[in-house]
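Asker: Sequences and hints are given; from them, build the entire structure.
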Amino acid sequence: MINFELDQEQKMLTDAIGRLAQERVRKVFRDADEEGVLPPDVVKAGWEIGVLPTSIPEAYGGFGDYSVMTGALAAEAFAWGDLATTLHVMTPNLVAIPLMLAGTEAQKEAHLPLFCEESLPKVTAALTEPVIQFDPRALKTTAVLENDTYILNGTKSFVPLAEDAETFLIYANENGQTQAFFVPRGADGLEVCAREKLMGVRALPTFQVKLDHVRISTVNKLGGNEGINFGRILNHSRVALGALAVGMAKAAFEYARDYAKERVQFGEPIAHRQSIAFMLAEMAMDIDAARLLVWETAWQLDQGQDATQSAAVMKYYVDDMVMSVCDRALQTLGGYGYIREYPVELWLRNARAFATFDGMAIV
Amino acid sequence: MISFEIPERITNELQMAKMVAESVMRQYSRYYDEHEHERPSEYINMMWPVMREQYRRRTEKLQQNGNGSAPKREGPDFSILRLILMIEMLSWGDAGQYLCTPDPALGGAALEAVGTKEQKIRILGKFGQGEPKWGAMAMTEPGAGSDTSNIRTTAALDPETNEWVLNGEKIFCTNGGLALDESDGFVVVWATVDPSAGRSGMKSFIVEAKTPGVSVTKKEHKLGIRVSDTVAIVFNDARIPYDNILGSPEVIKRDGSTKGFKGAMATFDASRPAVAASAMGICRAALEFTRDKLAEEGIVVDYTKPKHQMTAVERDLLEMEARHKSAWLLTLRSAVLMAHGQPNRLEASMCKARAGETVTWVTQKAVELLGPLGYTREWLTEKWMRDAKINDIYEGTKQINTLIVARSILGYSRRELK
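Listed in order, the protein sequences are those of chains A and B. Every letter in the first sequence is one number past the one before it in the numbering used here, and letter 10, counting from 1, is 195. Every letter in the second sequence is one number past the one before it in the numbering used here, and letter 200, counting from 1, is 361.
BS3-like, lysine-lysine: derived pairs with alpha carbons at most 25 angstroms apart:
(1) B:Lys423 x B:Lys559
(2) B:Lys466 x A:Lys325
(3) B:Lys454 x B:Lys468
(4) B:Lys579 x A:Lys446
(5) B:Lys383 x B:Lys550
(6) B:Lys559 x A:Lys446
(7) B:Lys278 x B:Lys423
(8) A:Lys395 x A:Lys325
(9) A:Lys212 x A:Lys229
(10) A:Lys307 x A:Lys293
(11) A:Lys196 x A:Lys229
(12) B:Lys468 x A:Lys325
Simulated from the structure, these hints should not be mistaken for lab results. These numbers come from a predicted model, not from an experiment.
Answerer: Take a look at the structure:
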């Protein structure tokens, strides 16, 4: 029955992630953003928490069950630490979750055990394309069937960790439908281009990937002949993105709140003024509301309901929420907010990514 | 375990409430808006047997039960959730008529929060029999709006007759007319027993209909919720029995407790979610109506479409929906916390602040999107916009509730954050 309390397992998981975020991730995330690279030991520690393996059923080598809600809670806790680190550690989810949702039995058996191993699996997914009016339902990258072989053509962007990836899940347009295809690293015509230079999440290496007449077998199509219901995958992705946004917004809010209580001007903390205090109150309300919207969509998906409408409404609210919360957090710090010694400008740069990432198949 | 599942018993009851909303409230919505203060008999007559039966059983239970407080039970108590969902549905029908529901209302909330068993049986018992009755709460005064600690109405004990003698003026009392003039109801009145004692002198008293010295002096003419009366009440040496005080009569000065005042504030933990729920009912009505009318014109939101491909009107609709749902979930949360026996003061203020603001914005947007037709009195959109605004004001303005949220998240006292 209706309740908004985490269960015991969820509490343990989010506590563990919270500790890692506090003790490890927060120690390195600022430098990582400057240097464009995360310390491997932090990534390793993040993977070892085991969020993904605990959502893969035992039959495929995992030790748990897939729960959208638990995934959302984990994502929020992780993103409170740092978004780039979270996206790095969650990159395998881009392949594993669509596989669980839409893979054939043979595909699940072949690939899922890979995600239950000790080190971060070398996989990635490519959905976004370098165009202005990007629409994940009408991709420019094409998949054409010719004599039992698919031929893929197009250009992808924002492909995380592509440099080291051994398997790519490439989304492409097949007769007007968005479908996904496994492409091995060595496939002829697959080219991983230079690393992209982004506004935010700078510690996460992302790449453009070009596909020039890449030929793959029909068995590489996710979901077999039937293919995938992309809308369903999109809804799951939106929950994950929503949860990440809530986690990061919470980080920015807490920083601004604590700063406002410390910073003394005109003889007292600036938080004693309603103009600051009310701004913080609004941020707190925005974050709480956004979290409830994420939870509701997650719950609907876990119930097997069609959550398309909820997911869209939630995404609309959350994209705006994370941007305006981070902006007001920066505003609370005044000039210091603009200085890179403080983390708030980083959160603001990251926040802008959420509206752009719509449809990025991160789960 | 996080869940959004509403108990089936409640969803069934909501279906019945929806029928009342559609077949009675909506039918007379416009009529009572244009005939201010006329009694909405159709709705009242439909609701009274239901309320009467509910309070007959409540009184029966009180008489059987040892201490008069609600029996302790295992697990969550979903009665507050039921109430919130019912209010939302009835306000979807018509917020003004909902306010005229014959029940103890806010007076009942105060009574349930701090009253004795004897008081509850005596007062609530009246709602289990006879003709329709109303309860109300009188707190606001000309000089004490949000600053309820500044109340000037006095209650002095006359030791000879062992009666409290009330003097002063209350304003903006919702249903005060129905409670005192038009039925055998009651009003819970906040007064000070010691004006020098500040908050700790604040006590609440049950004042029953037909008490000599109590007069309803003015019915306000309002922007919206016109069917509901909002009155001024004057107390001129009004004498009430000693036993009509709610809670302890003791005053502990300055450093001591402010229990009486806190009693008033505790009422808000339930009444703010209730107001938020009413706001959300109006909000949903306006949203659904706007969506339906636009759909007739072929404008339908495609939820799979990227935002940048939507028209301005589609985005407006999506934003109305997003704001509505965000405020509604905050409202639901404050009720669910209460159902699970957890504190909800912060959450109650959050939902009230957001619901009032949201319904104000959404209904204004509805009138805008529906163009000239939205502005006519043919449709209810303009009425909903007028009805909506009260939710941004009563049970604490948006600003007061934001102040409460701000103090709470900063861990500040009244002195640190004024």
